[in-house]
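Novice: The chain contents come next:
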Amino acid sequence: MDALLLSRLQFAVATYFHFLFVPITLGLSLIIAIMETIYVRSGDEDYKRMAKFWGKIFLINFAVGIVTGITLEFQFGTNWSRYSSYVGDIFGSLLAIEATTSFFLESTFIAVWAFGWNRLSPKMHCVSIWLVAIASSLSAIWILIANSWMQHPVGYAIRNGRAELTDFIAVVTQKFAVLTILHVLSAAYILAGFFVLGICAYNILRKQHTEFFIKSFRVAIVFTLIFACFEIFEGHLHGELLKHTQPTKLAAMESHWETTSSAPMYLLSIPDPKNERNSVEIGKVPYLLSLLATHSLTGEVQGLRDFPKDERPNVWLAYFPFRIMVSLAGLFVLLTVVGWFKRNKLESSPRYLKIMQFAIPLPFIATTMGWTLTETGRQPWIVYGLMKTSESVSPIAVSQVATTLVGFIVLYSLLGLTAFYLIAKVARKGPEPIADSSK
Amino acid sequence: MLETTWFILWGVLWAVYFMLDGFDLGLGALMPILAKNNTDRKIIYSSVGPFWDGNEVWLITAGGVTFAAFPTTYAVLFSSLYSALMLILFALIIRAIPFEFREQIDNPTWRKLWDTCLVIGSFLPALLFGVAFANIFKGIPIDANGIYQGTLFTLLNPYGLLGGVLFVLLFTVHGAIWLSIKTEGELHDRASSMAKKLWPVLLVVAVVFLVATGFSTKLYNNYLRMPLLFVIPLLAVVGLLMTRLFVGKAAFWKAWFGSSLTIVSATLFGVVGLYPALLPSSLNPAYSMTIYNSASSPLTLKIMLGVALVFVPLVIGYQTWVYVFFRHKVTEEELAYH
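One line per chain: the protein sequences are V and U, in this order. Start counting the first sequence at 71; every next residue gets the next number (the numbering used here). Start counting the second sequence at 918; every next residue gets the next number (the numbering used here).
In case anyone wonders, no lab produced these hints; they're calculated from the structure. Cβ coordinates follow ideal geometry from the N, Cα and C atoms, glycine included. Honestly, I wouldn't trust all of these hints.
Only part of the chain V face toward chain U is listed, based on derived beta-carbon distances under 8 Å [said to hold, decoys possible]:
| id | residue |
| --- | --- |
| 1 | L129 |
| 2 | A133 |
| 3 | T148 |
| 4 | S155 |
| 5 | G158 |
| 6 | A166 |
| 7 | S177 |
| 8 | E234 |
Same shape as in the complex, but just chain V (with noise of 0.2 Å):
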């Protein structure tokens, strides 16, 4: 164990934490903001008391991302100092300016709507939620645009021995950026859908609050089923961009070791990366992977032997998780388009009702896979062909590093699960009686 592999597993644990409680902010702030609006310009009370009910879960969640969150930003300087040192001049002003332009937004809106039910007008209380809606999407896409930076280094130039900014335009406005920022909403709105549609299913298939839940679920419905169709359409585009700027990711997910034209894409292979090839091969779909990656039958996809061994990525950790993300997505348009059609007869549905109730961890695990072969995709580079992650960790000691880790796993498992109760005993209990809702 040296410092290096442990701030790695460090950052791996905070990151993947801290993203099971964002694409909820990002998407559920959305779906109240809609249902407050619904509720302004209809007046009908229902959909105050959605917002109210969504809300207290919103904010259950909120508070678990906000804390999480920081404790990402301090650990580029403590933990990987060379990186931040040698390509701060963009990396850090991205995130200066999320933290200026969204995070204050965010942050200050969200009290005000939560401590504002009764001081401000329902107008303007809703456009408080739409400028928490909209200041957290805004803070994820300047965190991707910093991603993207990562994963396709462009305006920059090396001087005075690091990455110096040239052109910031290019860095914030690179097809890279674009396609993960539109990716990665869509998903986190995906997952937010998928979370309001289960726990209404969970409530109406009990009984529970029944004409409540089907509304909820009318609302969450057409949201999700929008991105999840948008998803796969826009996951594709993602082929041909990798081709040019990740070729070892791009052969890596396909588990493609040597370099050919009219490429074939299996359904299944078994990498065998000590070998360089694949062990099983099922399901042989000629020219797919040329299609899908050159937009050509006989396009040329470079393959993994092309490249030295010590700059390819975990081949299983980039194939595996791609496979996994792609069916999940496939599915979640099925299960979208299903609910659609049954929208208005779901309390004679419950076997769709059962399925969506225990769809809710899909989601996450969709874009836990989709973040795993992003960053392991990416290895062995911190900034891809520009600089490796090895070259990046901080000269601290193991002793605290190891330290931090253990703190992390505790306190980020009881605060995990404390959300988790949380989050279930509102969902199960439901609204709030109509009388209530008055106040």
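We have chain V; now place chain U onto it with these hints.
Specialist: Below, chain U alone, put in the same frame as chain V:
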């Protein structure tokens, strides 16, 4: 010039962070002494409920700006203070969570758990930020490669600890005044008499700190070179006197501005003394992190300045609005709403 502008902004951001989060951290640390029952505790939570989160973003911004404007300082400072900083972060986690979790289950043991978290999570950052900044003022043992040659205990030297005690006192007085603003009745009386009791201790520690700074640091060199700068520590003293004067007159908003002035000037007193260093090395001044050897490129500094000039005034605007909007006192009837 650009570097100096960012140096000033860097200092101001930390100062504003201490001013804002200072009162909610200080109040959290004082809770076991000020609160006699559950209603008192609920009032204390509610008195900072709408503000603490927005306050803490100033920390994220101060950290982010250190990263953006002086990446090498950010790298060396944060990795050098690894354990102390991680302890602060863990503490800030457990002090934030109670605000959302405490009222979710109606059970005294449950509440007790979160109250303990709030108290520890408020006290530790107050203390450790003081220890950290006093050590920054003093300089830490970083070598030619920016590698820290000490341990967590290196930071716990007398001057560092004095800084910790100073911060705890500054924040608790600030917090007690805040609670005096936000409450009436017995809790209000306890809070204001706490501010009065703590004030003389704060005064003594502040004076000792100013004197010790002369022995333990080189901060005064800049002041001797440019005596006009003595205005800054003078403002800290003025703020301190204002605090006591207005607490005595039961003008608590004015007292709060007094303690805010003290905290901001005290922070800037150190920062101005550091210039042009952000993190001096105690081994050799040539190893120090300064605005010359750790700043970002002019392009980045310019872009960031543009962002700051547009957004920081906006933030100050809407955060001020929130403070005005929720300026009402927190009473028992008020609590029933939440």
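Novice: Is the hint on G158(V) kept, meaning its closest Cβ partner in chain U is under 8 Å away?
Specialist: With a closest approach of 2 Å, the G158(V) hint holds.
Novice: Hint check: is the beta carbon of E234(V) less than 8 Å from a beta carbon of chain U?
Specialist: Hint on E234(V): holds, closest Cβ of chain U at ~4 Å, below 8 Å.
Novice: How about S155(V): closest beta carbon in chain U under 8 Å, or not?
Specialist: Since chain U brings a Cβ to about 4 Å from S155(V), closer than 8 Å, the hint holds.
Novice: With a cut-off of 8 Å on the beta carbons, see whether A166(V) makes it to chain U.
Specialist: holds, 4 Å
Novice: Have a go at the T148(V) hint: is there a Cβ in chain U nearer than 8 Å to its own Cβ?
Specialist: holds, 5 Å
Novice: A closest beta-carbon separation below 8 Å is what the hint needs, so does S177(V) meet it against chain U?
Specialist: holds, 4 Å
Novice: Holds or violated: is there a CB of chain U closer than 8 Å to the CB of A133(V)?
Specialist: This interface hint holds because 4 Å falls under the 8 Å limit.
Novice: Identify whether the interface hint at L129(V) stands, where standing means a beta carbon of chain U within less than 8 Å of its own.
Specialist: OK, holds: L129(V) within 8 Å of chain U, min 5 Å.
When each numbered hint is compared with the structure, no violation occurs for any of them.
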